[in-house]
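J.: Next come the chains, spelled out residue by residue.
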Amino acid sequence: MSENKKTIIVFSGDLDKAMASFIIANGAAAMGNEVSMFFTFWGLNILRKPEKIRTRKSFMEAMFGWMMPRGAGKLGLSKMNFGGIGAIMMKSIMKQKKVNTIQELIESARALGVKMIACTMSMDVMGFKEEELIDGLEFAGVATYLGEADEANVNLFI
Amino acid sequence: MSENKKTIIVFSGDLDKAMASFIIANGAAAMGNEVSMFFTFWGLNILRKPEKIRTRKSFMEAMFGWMMPRGAGKLGLSKMNFGGIGAIMMKSIMKQKKVNTIQELIESARALGVKMIACTMSMDVMGFKEEELIDGLEFAGVATYLGEADEANVNLFI
Amino acid sequence: MSENKKTIIVFSGDLDKAMASFIIANGAAAMGNEVSMFFTFWGLNILRKPEKIRTRKSFMEAMFGWMMPRGAGKLGLSKMNFGGIGAIMMKSIMKQKKVNTIQELIESARALGVKMIACTMSMDVMGFKEEELIDGLEFAGVATYLGEADEANVNLFI
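Chains as they are written, first to last, in the numbering used here: chain G, 868 to 1025; chain H, 868 to 1025; chain E, 868 to 1025.
Simulated from the structure, these hints should not be mistaken for lab results. Do not rely on the hints blindly, as some may be mistaken.
Remember, identical chains collapse to one label, so a pair may be satisfied in a single copy or spanning two.
The calculated DSBU-like cross-link candidates involving lysine-lysine, where the alpha carbons are at most 30 Å apart (straight line), are [claimed, not checked]:
1) K946 x K958
2) K996 x K872
3) K872 x K919
4) K924 x K982
5) K965 x K924
6) K965 x K996
7) K958 x K919
8) K872 x K924
9) K962 x K996
10) K964 x K916
11) K964 x K924
12) K946 x K982
13) K964 x K982
14) K941 x K962
15) K958 x K916
16) K916 x K965
These figures come from a predicted structure and were not determined experimentally.
Looking at chain G on its own, in the form it has when it is part of the complex (with noise of 0.2 Å):
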């Protein structure tokens, strides 16, 4: 076990769970920890890409493909979303205040070099291709989590 090594399993897809996942996360690798996310379940909206990739999928992939946000910017958030009115008051709020967004939370987290990881049997489950992730991800499953959760003093479920 280290004292610096720190990771987070980010299974909401809330954006206020992302960005409470991101400024943690970016918090710690500033403060010289490792940091390994991994992110699972409804946390891999967090990390689609825009725009719409195009891929073979069953009726059922797609279907939930579509349903669910395509990307960092779409995220409604976990309380008084308000078909998403909450989530555009809550950025606009941000941005007055000039808290960083998520996507710039994104953006920092990989120049701090914050490792993250999508999981990949949750990929299956939602049908969601590697190309249709953002750029420089790691793969892996719970396996890899568990080990890097054993080698680290603060782990989070969020």
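Model the placement of chains H and E on the given structure of chain G, informed by the hints.
T.: What follows is chains H and E alone, placed relative to chain G:
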């Protein structure tokens, strides 16, 4: 503290989060970890027997019992549940992909020796009696959880 | 790292999750642990004073303040809230069962020396001023959290 002990508090009674909990727990157990899952609040619904068990309940307890999902087979999704349609879609897609069902995951957890502990305080609040929950559980409170978490190197709240 | 330090990030402002947070925190403190709770995002609502405090706010801040629950007494449930009916039912059943109220849990946390820290970045985004929150809090950011988490052996995100 031990490198090979993990605890998970399963607070959520959503199908997706229940599956994530068991996938992590079973993965850890398969890799040689001692794993304790503490089911509290909505998480107790995962452990309910599917059949109605005759017990003496107050009006409020009976109402709670009636309103909440009776067992792992009845859980909804935390997002996009649409009155149960989302959960049915998810289960159908998981079946296609040959992902274990939640019931199979619970069976595996048992076979792998994962300790499943029902929170007695939550049981009291929800009005659940021991005989309404599946077999093979332990019953304990927050002190037991904290004792186990002290010995573990990964502790998650789901 | 210390065997007797715990941290909890309280991101949620739901009654059920707030209660779980304080039950764990108070249990740990009663068992001799040093406990730090970091209230961020919706979790700040738990700390609001119930009365309206006169402060200078932008239109958006005022609107946020008006839409969100004013203090621990106004929180809803994360599930089955039904516009507040669920929370009222839950509180009535908990009173019958002689479970401590959230307000009593907060008082106990204070008496047990649990450190309650309000996230300053979230306060800024939500437009909450120090005088709108209950007494006895500390104010800090993610770096403080990470410093404390590094010294703790149990770190939860709720």
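J.: So which of those numbered hints doesn't the model satisfy?
T.: Violated hints (numbers, rising): 3 and 8; every other hint is consistent with the structure.
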